[in-house]
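Asker: Chain by chain, the residues:
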Amino acid sequence: MSGRPGIAFLVWAALLGLLAAVLWAVFEEEDLLSVLMPAFAVALTAALALGGWRAARRAAVRAFAPQADPDTSWPAVLAGISLVLVLLGLEVGTFLIFIGAGLFVAGAGGLMREWRAERRTR
Amino acid sequence: MTDTRHDYDALASLYLPIAAAVVLLVLLLVVAFAWRYRARPAHEGRRPSRTHRAPRTEALYVLVLAAVAALLLWRTFTVEARTDRDASGAGVQVSVTAAKWHWRFEYPRAGIVQRGTDEHPPTLVVPANRTVDFTLRSLDVIHAFWIPQRRFKRDATPGFTSSFSLVFPDTGFRRDGGECSEFCGLRHTWMKFHVRVLTPDAFARWMRARQSGAAA
Amino acid sequence: MTAVDVPRSSTIRPHRGLVGTLASTDHKALGAGLFVTAFAFFLAAGVLALLMRFELARPHLQLMTLHGYDELFTLHGSTMFYLFATPIAMAAGVYLVPLQIGAARLRWARLGLAAWWMVIGGGLCMWLGFLTEQGAADVGWYAYVPLSDMPNSPSIGTDYWIIGVILAAGAAIALAACVLATIVTERAPGMTMLRLPVFSWTMVVSCLMVLTAFPALIVAMALLLAQRQWGGVYTGSAGAFDYQHLFWFFGHPVVYVVFFPFLGAVAEAIATFSGRRWFGYKPFVVSLLLFAALSMSVWGHHMFTTSSVENRYFSLTSTALLVPAGIEYFDALATMWRGRIRLATPMLFALGFLVLFVIGGVTGIFVGSPPLDYHVTDSYFIVAHFHYTLFGGSVMGLFTAIYLWWPKVTGTLLSERLGRWHFWLTMIGMNLTFFPMFFLGWDGMPRRVADYPAGTSWSTLNALSSAGSALLAVSVLVFLWNVRRSWRRRVPAGPDPWGAQTLEWATESPPPRENFVGALPPVRSYAPLQDLREQRELEAQPA
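Going line by line, the protein sequences match chains B, C and E.
Sequential numbering of the first sequence, starting at 73, is according to this note's numbering.
Sequential numbering of the second sequence, starting at 138, is according to this note's numbering.
Sequential numbering of the third sequence, starting at 129, is according to this note's numbering.
Just to be clear, a hint being listed does not mean it is correct.
Stated by the list, open to error - Some chain E residues close to chain C (C-beta under 8 angstroms, calculated; not the full set): (1) 194; (2) 272; (3) 274; (4) 364; (5) 365; (6) 444; (7) 454; (8) 458; (9) 471; (10) 502; (11) 574.
Think of the hints as simulated: they come from the structure by calculation, not from any bench.
Where a beta carbon is used, it is the ideal one built from N, C-alpha and C, also for glycine.
All chains should be modelled from the sequences, with the hints used to inform the complete structure.
Answerer: Here is the structure:
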């Protein structure tokens, strides 16, 4: 697991930055979104590069051990469905937002339990 | 004076042959290679080539590609500078208003208004071979003013007035010569206008007639 | 719901059944589930297209109202992008990336699982509009303001549609994060980034674009929802242009998100069926990064006619795209050169991709020139252009992927004979459907119209196009027949029926729960099995 994915991300952020710089400096684009959106893209990619660097190093240190993932995760399914209900509730009615939020909490709780169980077996 | 259609045709006559050549080249190479290098039982022992890089060839190829891009861009920028030049202010002025789902043409200097109804779209009347300066606006949603014969369209965004100039070389009447090309709701399909190009003398006569109250 | 303790060297394949699959954290089940969901939406969106083509086959309205037609093209485009193409691109990554990189799992699999359910829920929300009184969203898949604002589009179907888009976009971001995290941390020993298989590299750039571009869509949609509810968000012409900037900052990269993974599949197929490793790997990787970076910088070319963007900049970046695209074609053809080519079905679709996508590509360069775009944008010319890239590119590449990896996923083989029928019907049907549209647009037929004047060449061209769409429908039926037949016959495929090159072919078909049992082949390049094959050939030669 050697190798540095961060470099690929940094190269990409640099390319994005270069292209955005041409837009701002050479073509003098001042539209706020045309500045913000590319800047966000560059910043996020640079952050991924940094995060990726550290994560790859940590993963290399960790032994290549089988993970004790549970085979199914109904809390995850619940979390996904409850998000659907919350958003749908914006149109259908507030009651659905509450139902969705409640289910989301239940799902999140289940996920917490799964994570803690995994940490214990690691 | 920019003839947008002439400029379009000139630019397209650069782009299209290159495009067609590239497509034909790819088709030819794909078919030729699939045939020439097909696996044949008689040649079971023949090993496929193991070469997997050719950096100098690829670098040269990249330069060729960049040169093609540069050529296309140079011609495009040249033409666009003409097409997008601001209205001169000297020619006939037409003010175009788009609203769901009709067009209205006003000739502010002459006080003429061409309106459309559900049954009869309005006719844009213009003189031949004279620059016509347009302003374009919308009253509700985004529409787009498209005259295919002139190879030109522009969006009409509410709250924003755009301006452009067109020249109409050939006289004649084109039914539905203009269309709305930005989806604007239910009757977008039928939001069209006719285009009538008159000789400058006939145009002057038409304007006088309209000013004295004749029908559009 | 207890944890399954999988012994390291076992080949236990837990029997899940359908219910277990719906909640499985095994990336293979998740990938398969996403694939089936997305393909079902592909069929649904295809039916909408068939209805539109039936209506347009002759002038005047035959089948539907103007309003019905508006709903059809809105839901066709939206379903294709949000519910089919993006999820299926992510599905390919979810299933294949861990296998290609020698990993046992997908990272953050539960996040991916939740995302799958968001795609299902989001899709249902979008289509729920058809059941409402005023019908589904009818504002076009890009839903420009002010058209999509409440006064112009009061139907609740549009609100449901917005919610569906937000859910689908959020799901895509989650899935992209999972795949990217897996590539960062789960690569097998020896697999540096520059030994990632070609397909996995295409997933890297796709996921990067999802993470950096899709948030703009969520912002655009959330603000649109707020605008419809309370107003005051998108005001005046600045508001209209802001919406377009937000939307297209997402809207251009998305077409590359749904393209690159299938370009990767085509590359793997061409290499495999030419008996050679992919040519020009390093230039290819650089060109992928450049291609993706450019694709993030061209969004204004959708706004050339608005007079509100720097046309020259966006023309520059758009035209520059021909450089990385050219490199990819060079590498594809160079891989075939002096190879030993077998025209199995995956290879047929890969070659079809090469020939069809280039038509989309060169017409894309054409409309990258503002004066040319002024005529053909928003006409049937542009509809033809993007269908050549999306169908001729992504869909052909998708079928390449399906025929290539079907044996690995299911452990069985698809029929080559039916595959050839599928391929040729697709090639003829696709060109018959979309090539006439170039002429229609050039001649002045705008897009998003349910009707056109009778008595012109448009009638013939539209009739040809509609006939082509019927052929495409038949081609898809042939494919479904092939699937059904293969499912029933179950001809065993074995681990590597094609003589392929990457790690996923070094395990059983279908792979066991933890993907690999025992030691992996050594990873010394981006084509480890090809390395072994070439080494064996060298050793077999007489001294």
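Asker: Does each hint fit the structure? Answer for all of them.
Answerer: Hints versus structure:
1. 194: Nearest chain C Cβ about 6 angstroms off; hint holds.
2. 272: Given a least distance of 6 angstroms, the restraint on residue 272 of chain E holds.
3. 274: holds (5 angstroms)
4. 364: holds (4 angstroms)
5. 365: holds (3 angstroms)
6. 444: holds (6 angstroms)
7. 454: holds (4 angstroms)
8. 458: holds (6 angstroms)
9. 471: Hint on residue 471 of chain E: holds, closest Cβ of chain C at ~7 angstroms, below 8 angstroms.
10. 502: Given a least distance of 5 angstroms, the restraint on residue 502 of chain E holds.
11. 574: With Cβ-Cβ at 4 angstroms, under 8 angstroms, it holds.
Consistency note: the structure conflicts with none of the earlier hints.
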